[in-house]
Every structure is written in C-alpha cells, then in structure tokens.
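**Q** Below, each chain spelled out in residue letters.
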Amino acid sequence: LAKTTQPISMDSYEGQEVNITCSHNNIATNDYITWYQQFPSQGPRFIIQGYKTKVTNEVASLFIPADRKSSTLSLPRVSLSDTAVYYCLVGDGSQGGATNKLIFGTGTLLAVQP
Amino acid sequence: DVKVTQSSRYLVKRTGEKVFLECVQDMDHENMFWYRQDPGLGLRLIYFSYDVKMKEKGDIPEGYSVSREKKERFSLILESASTNQTSMYLCASSLIDPQETQYFGPGTRLLVL
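Going down the list, the protein sequences come from chains F and P.
Residues in the first sequence are numbered consecutively from 1, following this note's numbering.
Residues in the second sequence are numbered consecutively from 115, following this note's numbering.
It should be emphasised that the hints constitute simulated quantities derived from the structure, not laboratory data.
Accuracy of the hints is not assured; some may be wrong.
Claimed, not checked - Heads up, simulated DMTMM-like pairs for lysine to aspartate or glutamate below, C-alpha to C-alpha not over 25 Å straight-line:
| # | chain 1 | residue 1 | chain 2 | residue 2 |
| --- | --- | --- | --- | --- |
| 1 | F | K69 | P | D211 |
| 2 | F | K69 | P | D173 |
| 3 | F | K52 | P | E214 |
| 4 | P | K167 | P | E144 |
| 5 | P | K184 | P | D152 |
| 6 | P | K117 | P | E136 |
| 7 | P | K117 | F | E58 |
| 8 | F | K52 | F | E17 |
| 9 | F | K54 | P | D173 |
| 10 | F | K69 | P | E193 |
| 11 | P | K171 | P | E131 |
| 12 | P | K167 | P | E193 |
| 13 | P | K117 | F | E17 |
| 14 | F | K54 | P | E131 |
| 15 | F | K52 | P | D211 |
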C-alpha cells in the first residue's frame, strides 16, 4: 500500500509563510494531489488540488516537482484561524485500475501563535 | 452549498450492539465514502460507494458493512460493535470521479463501552 508522509506538526507565527510538504512515492500517472484542512470537531474541507507544477487560489499555493513524488502546500501570511490539521490526498498508484483507493496522509497539525 | 449530514454527532453503544450510522447528501453526488479517524492514524477509508447498491472495500472494512439503497443515503453498519471501533466516523461525498473534491459531514463520535 502506498504511503504518504507529512510532518506530524509545525509551529508558526502570525504573518509568516508556512510550507507543508507531503511525500507520495507511488503516485499514479493520472492521480491528482489534493489538500484538505480540518478544524476540531469538523470534517475536512477542500483547500487546493493540482497535477503538476504550480497551482494558486485565493487561500494557498501548491507546488509539485516534475517527478510528482512530493508536493508542498504553501500558506501565505498565516493567521491564528489557520491553526488546523492539514491532509494531503493522493490516489494509491500501487493498486492500479480506474478506481484507485484514495490515501490520506496522517496529517500535519499547524499551530499558529500570535 | 453541498450539505452532508450525519445522523448523530455523538453516540454511545455497548459491546455487541448493532450500530447504524447514517449519512445523507443533498447534491446528487455519485460517490459516497465512510472514513474513520483516530489519533496518529489520520483518516482511513472503510468503504466507498460509486452508485446505488454498489460498494467497494476501503483499507479497513473488517467489522463493517454498508448499504446504499438510495443515491443520497449511505449507511455504515457495525454488526456487533466492539471497543476497538470507538472512533470518529466521517462521511463524505463527491460528484463522479473519486478524485473530485470530497465534501465531508461533521462526523459522528462513537464510544463503544
């Protein structure tokens, strides 16, 4: 079973840029990389999705190198309200087939301090 | 806005009881998912369904079954609850491709005594 690896936790201060990296060595050719954010007592919610190179939306950027074996979520100028668990989600390329199982990482707890 | 609702936020059951967790989505999504979330283990997929009456096992299906009789409703069943099934259960739905954005419900925290 393919594994994704993220740091367990990260600390930051308000106003800083935060980069969270996810490793996914066995990503399938057609799989996208998706990041979710989860606050306590809530379900995860979608942040950003990409296939290669760089994607940017109003809340984050996603950097994906050419080999696609990792991805980096970048949060510009974080605030206290960005304190949450961040998950990366990729298909499991080792399974093959059209309905690859989706694998969540173990999540990174980002703690933003004043 | 997509809305995914789960029948209970908190549930307490006894070992051996049959437990039903219900999930309903209101956006006509094809796919529905059940995950469990445990500290240090992230989200693990139990089952997912890509159409009415269709289902596929996820990573940890043992001890669980599912039912999808209508498109909007996906039920998770614990035939005989055990203490190691104490967990947070999250339901999600997505449009067609499993890689499309998943919309999650608020979760059900289940305690099995």
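**Q** Now look at each hint and say whether the structure bears it out.
**A** Structure-based check of all given hints:
1. F:K69 with P:D211: 22 Å, holds
2. F:K69 with P:D173: 22 Å, holds
3. F:K52 with P:E214: Holds, because 16 Å separates the two Cα atoms, which is no more than 25 Å.
4. P:K167 with P:E144: 11 Å, holds
5. P:K184 with P:D152: Status violated; Cα separation ~29 Å.
6. P:K117 with P:E136: 14 Å, holds
7. P:K117 with F:E58: 22 Å, holds
8. F:K52 with F:E17: 21 Å, holds
9. F:K54 with P:D173: 30 Å, violated
10. F:K69 with P:E193: Violated. K69 of chain F to E193 of chain P sits at ~39 Å, over the 25 Å cutoff.
11. P:K171 with P:E131: 22 Å, holds
12. P:K167 with P:E193: Given that 25 Å is the threshold and the Cα spacing comes to 19 Å, the pair holds.
13. P:K117 with F:E17: 32 Å, violated
14. F:K54 with P:E131: It is violated: about 49 Å lies between the C-alpha atoms, which goes past 25 Å.
15. F:K52 with P:D211: 18 Å, holds
In this structure, the hints that do not hold are numbers 5, 9, 10, 13, 14, in rising order.
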